[in-house]
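Chains as they are written, first to last, in the working numbering: chain A, 1 to 115; chain B, 1 to 115.
It cannot be assumed that every hint is accurate.
Pairs count within a copy or across copies, as identical chains cannot be separated in the list.
[What the hints assert, rightly or not] Straight-line C-alpha distance at most 25 Å; calculated DSS-like pairs for lysine-lysine:
#1 Lys88 <-> Lys4
#2 Lys95 <-> Lys5
#3 Lys111 <-> Lys29
#4 Lys72 <-> Lys5
#5 Lys51 <-> Lys88
#6 Lys12 <-> Lys43
#7 Lys51 <-> Lys5
#8 Lys62 <-> Lys5
#9 Lys88 <-> Lys5
In short, the hints are calculated from the structure, not lab data. Small disclaimer: the values here were computed from a predicted structure and weren't measured.
2 protein chains.
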Amino acid sequence: MEIKKQNEIEEKVVDMEGAKNVRMQILTKGAGNFIMRRFIVGKDGYTPLHKHEWEHEAFILKGKGIVVDEGKEIEVEQGTVIYVEPNKEHQFINKSEEPFEFICVIPSQDKSCPR
Amino acid sequence: MEIKKQNEIEEKVVDMEGAKNVRMQILTKGAGNFIMRRFIVGKDGYTPLHKHEWEHEAFILKGKGIVVDEGKEIEVEQGTVIYVEPNKEHQFINKSEEPFEFICVIPSQDKSCPR
Numbered sequence: 001m002e003i004k005k006q007n008e009i010e011e012k013v014v015d016m017e018g019a020k021n022v023r024m025q026i027l028t029k030g031a032g033n034f035i036m037r038r039f040i041v042g043k044d045g046y047t048p049l050h051k052h053e054w055e056h057e058a059f060i061l062k063g064k065g066i067v068v069d070e071g072k073e074i075e076v077e078q079g080t081v082i083y084v085e086p087n088k089e090h091q092f093i094n095k096s097e098e099p100f101e102f103i104c105v106i107p108s109q110d111k112s113c114p115r
Numbered sequence: 001m002e003i004k005k006q007n008e009i010e011e012k013v014v015d016m017e018g019a020k021n022v023r024m025q026i027l028t029k030g031a032g033n034f035i036m037r038r039f040i041v042g043k044d045g046y047t048p049l050h051k052h053e054w055e056h057e058a059f060i061l062k063g064k065g066i067v068v069d070e071g072k073e074i075e076v077e078q079g080t081v082i083y084v085e086p087n088k089e090h091q092f093i094n095k096s097e098e099p100f101e102f103i104c105v106i107p108s109q110d111k112s113c114p115r
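If we strip away everything but chain A, and leave its shape as in the complex, we get:
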């Protein structure tokens, strides 16, 4: 078993084109089937508006944010679950003053997202 506290795990700045004020942690790569990541989107930050061939399963841990679903802005908050299908354009935006944090699980085959 591997047990870690989230504040002991290295944070990386997400420097993808189209990203602003986003940090990310690899929480666990597990057995190599899927990767659990934590994102921290700061004030006025956003992830890239993008799509890719693999799905996302996300859970909002903290704060409030916007998810862009094919051009539509949807408000989400702590406790919201989001499933992004493969090849669907999406983006996470923080328009609030507080950090917006979420877990995002991807299959290990997805090489297009931070990992």
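Got chain A; can you put chain B on it based on the hints?
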């Protein structure tokens, strides 16, 4: 995209042998590669002490609990990440007064766990 609030998702009682005072939600089955679940372990509750051939990736959402790792009791709390390897005996226990909640992601091939 599918967007749901956790309190709108059906909760099921985990009635496996060896479980006490545990409820579970399927947050999303995504694209069929892995399943994101949320567990709520009530006061004096516990999941079964068991093992199976598939891994778990877990993240503690709320409260404090105990993870049993091969007979050793380890305290965990909000923000702890736990990776349980395939075929490793494990159990989640709540010895506190407050609910102990965690996300647990499993591969879809795992038919031995609530899903």
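Here is how each hint holds up against the structure:
1. Lys88 <-> Lys4: between (32 Å within a copy, 17 Å between copies)
2. Lys95 <-> Lys5: Between copies only: 20 Å across chains, 28 Å inside a chain, cut-off 25 Å.
3. Lys111 <-> Lys29: both (13 Å within a copy, 21 Å between copies)
4. Lys72 <-> Lys5: between (35 Å within a copy, 18 Å between copies)
5. Lys51 <-> Lys88: The answer is within: 5 Å in one copy meets 25 Å, while 36 Å across copies does not.
6. Lys12 <-> Lys43: Answer is within: at 17 Å inside a copy they meet the 25 Å cutoff, but 37 Å across does not.
7. Lys51 <-> Lys5: Between. Shortest inter-copy distance 23 Å satisfies the 25 Å Cα cut-off; intra-copy 31 Å does not.
8. Lys62 <-> Lys5: The answer is both: 16 Å in one copy and 13 Å across copies each meet 25 Å.
9. Lys88 <-> Lys5: between (32 Å within a copy, 20 Å between copies)
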